[in-house]
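**Q** Sequence:
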Amino acid sequence: MIKLTHIEKTYAPGTAKEVKALRDISLEINKGEIFGVIGLSGAGKSTLIRIINMLERPTAGKVEVMGQDLTAMTDKQLREARRHIGMIFQSFNLLSSATVEANVAFPLQLEGRLSKAEIDKRVSELLEMVELSDKARMYPAQLSGGQKQRVGIARALASNPEVLLCDEATSALDPKTTSSILELLTSLRKKLNLTIVIITHQMEVIKECCDRVAVIDGGVITEMGSCLEIFSDPKQELTMRLVSAAVRRGLPALLKHTEVVPEYHEGAKAVVELIFLGAKADAPVIVDVAKECKVSISLLAGSIDHIQNVPFGIMEVEVCGTREEIERAIAEFKRRVHKVEVLGYDERK
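Going left to right, the sequence shown walks through residues 1 to 349 as UniProt numbering numbers them.
Any given hint could be a false lead.
Said to hold, decoys possible - Label pairs and their computed distance ranges (CB to CB):
{"no.": "1", "residue 1": "Met224", "residue 2": "Lys280", "range": "23 to 33 Å"}
{"no.": "2", "residue 1": "Ala16", "residue 2": "Arg348", "range": "53 to 63 Å"}
{"no.": "3", "residue 1": "Arg348", "residue 2": "Ser244", "range": "23 to 33 Å"}
{"no.": "4", "residue 1": "Met66", "residue 2": "Ser124", "range": "19 to 29 Å"}
{"no.": "5", "residue 1": "Ser226", "residue 2": "Glu131", "range": "56 to 66 Å"}
{"no.": "6", "residue 1": "Ser133", "residue 2": "Leu40", "range": "32 to 42 Å"}
What the hints assert, rightly or not - With a straight-line Cα cutoff of 30 Å, these simulated BS3-like cross-link-like pairs (lysine-lysine) come out:
{"no.": "7", "residue 1": "Lys280", "residue 2": "Lys294"}
{"no.": "8", "residue 1": "Lys116", "residue 2": "Lys76"}
{"no.": "9", "residue 1": "Lys135", "residue 2": "Lys190"}
{"no.": "10", "residue 1": "Lys31", "residue 2": "Lys3"}
{"no.": "11", "residue 1": "Lys3", "residue 2": "Lys62"}
{"no.": "12", "residue 1": "Lys334", "residue 2": "Lys294"}
{"no.": "13", "residue 1": "Lys235", "residue 2": "Lys339"}
{"no.": "14", "residue 1": "Lys62", "residue 2": "Lys121"}
{"no.": "15", "residue 1": "Lys116", "residue 2": "Lys191"}
{"no.": "16", "residue 1": "Lys3", "residue 2": "Lys76"}
{"no.": "17", "residue 1": "Lys76", "residue 2": "Lys31"}
{"no.": "18", "residue 1": "Lys31", "residue 2": "Lys291"}
{"no.": "19", "residue 1": "Lys280", "residue 2": "Lys291"}
{"no.": "20", "residue 1": "Lys190", "residue 2": "Lys116"}
{"no.": "21", "residue 1": "Lys76", "residue 2": "Lys121"}
{"no.": "22", "residue 1": "Lys31", "residue 2": "Lys17"}
{"no.": "23", "residue 1": "Lys235", "residue 2": "Lys31"}
{"no.": "24", "residue 1": "Lys235", "residue 2": "Lys334"}
{"no.": "25", "residue 1": "Lys191", "residue 2": "Lys121"}
{"no.": "26", "residue 1": "Lys17", "residue 2": "Lys62"}
{"no.": "27", "residue 1": "Lys3", "residue 2": "Lys191"}
{"no.": "28", "residue 1": "Lys235", "residue 2": "Lys191"}
{"no.": "29", "residue 1": "Lys176", "residue 2": "Lys62"}
{"no.": "30", "residue 1": "Lys334", "residue 2": "Lys291"}
{"no.": "31", "residue 1": "Lys20", "residue 2": "Lys235"}
{"no.": "32", "residue 1": "Lys176", "residue 2": "Lys190"}
{"no.": "33", "residue 1": "Lys3", "residue 2": "Lys235"}
{"no.": "34", "residue 1": "Lys135", "residue 2": "Lys191"}
{"no.": "35", "residue 1": "Lys190", "residue 2": "Lys121"}
{"no.": "36", "residue 1": "Lys291", "residue 2": "Lys339"}
{"no.": "37", "residue 1": "Lys121", "residue 2": "Lys135"}
{"no.": "38", "residue 1": "Lys31", "residue 2": "Lys62"}
{"no.": "39", "residue 1": "Lys116", "residue 2": "Lys135"}
{"no.": "40", "residue 1": "Lys190", "residue 2": "Lys3"}
Keep in mind the hints are simulated off the structure, nothing from the lab.
Using N, Cα and C, we set each Cβ at its ideal position, and we do this for glycine too.
All chains should be built: construct the whole structure from the sequences, respecting the hints.
**A** Right, here's the structure in full:
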């Protein structure tokens, strides 16, 4: 559906102010999926999404959408191709002096393809789709942030696009409103068979709705995979930090780092992080391992969530026993759960 090949973007090339915003970006986004791109501020993610619909032209590389090479198109051809690509923004970009229905009608009026009656019918359908039929005659100043973004979504869908680009569309919203917007996008993806690309710095957004995700840092994609893969087994340091912001990982707050040492000493308890996926998230693994390996296991912290409708659990436990018993318990955990990491050894008595 969307294919980027060796994309480069350099601003002010050959000058003292030269900035390489994107470096050799290659990725493919499948039809009908929600694809997330996450990174810190200045990582290049907004430049990347603007290149997909050619609001920014790449310095090098090829952009293909629905089998068409956008980089080879004239401006006139691009205008036609962009009819199939909708976009919503962090700041909503609504016309403050126009009503909700006028904002949604605006791109259809610019196109000039439909009669007034057809535009009115289409606007009515779109407002019903985003649950704003009762706000049609209101102005943006009378709406909440979430309602403004719903108007933005309706406007972006006016020309029946197959691709919807979302540039930090929820970063100005509170958590509850963010969830409602993401639920709406997920529903529209299924209803309209949309391909959605979401640019964000919020890992919670990725967790809630994305099928796959790419992590971008310094203009380079450093990691890419399914949402479940990225959350359960992050490889890069930045990805680990981003995941930790959405799903608590590592030493529990009740343990000070000074109390946990990297090597085992006589009488120390192993502090172990366990990651569970699928049916194993509900299995009595801790009880079974404690019985079989004759160790004492204390739960320090834990949580169970769902990512892509798959149960995903993280637990930190302390394992108490002889060195051999602890090693046997860790080996048994590795056999039964998705991932095991020894965080250190607690020497407190």
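**Q** Look at each hint and say if it fits the structure.
**A** Evaluated hints:
1. Met224 with Lys280: 23 to 33 Å: Since Met224 and Lys280 have Cβ atoms about 25 Å apart, the given range 23 to 33 Å holds.
2. Ala16 with Arg348: 53 to 63 Å: With Cβ atoms ~57 Å apart, the hint holds.
3. Arg348 with Ser244: 23 to 33 Å: 24 Å, holds
4. Met66 with Ser124: 19 to 29 Å: 28 Å, holds
5. Ser226 with Glu131: 56 to 66 Å: With Cβ atoms ~30 Å apart, the hint is violated.
6. Ser133 with Leu40: 32 to 42 Å: 39 Å, holds
7. Lys280 with Lys294: Roughly 21 Å separates the two Cα atoms, so the pair holds.
8. Lys116 with Lys76: Roughly 25 Å separates the two Cα atoms, so the pair holds.
9. Lys135 with Lys190: Judged against 30 Å, a Cα distance of about 25 Å means the pair holds.
10. Lys31 with Lys3: 11 Å, holds
11. Lys3 with Lys62: 8 Å, holds
12. Lys334 with Lys294: 17 Å, holds
13. Lys235 with Lys339: Status holds; Cα separation ~13 Å.
14. Lys62 with Lys121: 38 Å, violated
15. Lys116 with Lys191: 26 Å, holds
16. Lys3 with Lys76: 21 Å, holds
17. Lys76 with Lys31: Distance ~25 Å between Lys76 and Lys31 Cα, so the pair holds.
18. Lys31 with Lys291: 49 Å, violated
19. Lys280 with Lys291: Satisfied, since the Cα-Cα distance of roughly 18 Å is no more than 30 Å.
20. Lys190 with Lys116: Cα-Cα ~29 Å, so holds.
21. Lys76 with Lys121: 28 Å, holds
22. Lys31 with Lys17: Judged against 30 Å, a Cα distance of about 38 Å means the pair is violated.
23. Lys235 with Lys31: Holds: Lys235 and Lys31 sit about 27 Å apart, inside 30 Å.
24. Lys235 with Lys334: 18 Å, holds
25. Lys191 with Lys121: 19 Å, holds
26. Lys17 with Lys62: Measuring from Cα to Cα gives roughly 25 Å; hence the hint holds.
27. Lys3 with Lys191: 23 Å, holds
28. Lys235 with Lys191: 35 Å, violated
29. Lys176 with Lys62: 38 Å, violated
30. Lys334 with Lys291: OK: Lys334 and Lys291 at ~16 Å, within 30 Å.
31. Lys20 with Lys235: 25 Å, holds
32. Lys176 with Lys190: Holds, at roughly 22 Å.
33. Lys3 with Lys235: 24 Å, holds
34. Lys135 with Lys191: Holds: Lys135 and Lys191 sit about 22 Å apart, inside 30 Å.
35. Lys190 with Lys121: Holds, at about 22 Å.
36. Lys291 with Lys339: At roughly 21 Å apart (the allowed maximum being 30 Å), Lys339 and Lys291 satisfy the hint.
37. Lys121 with Lys135: The hint holds at about 16 Å.
38. Lys31 with Lys62: 18 Å, holds
39. Lys116 with Lys135: Within the cut-off at roughly 20 Å; holds.
40. Lys190 with Lys3: Between Lys190 and Lys3 the Cα gap is close to 22 Å, so the pair holds against 30 Å.
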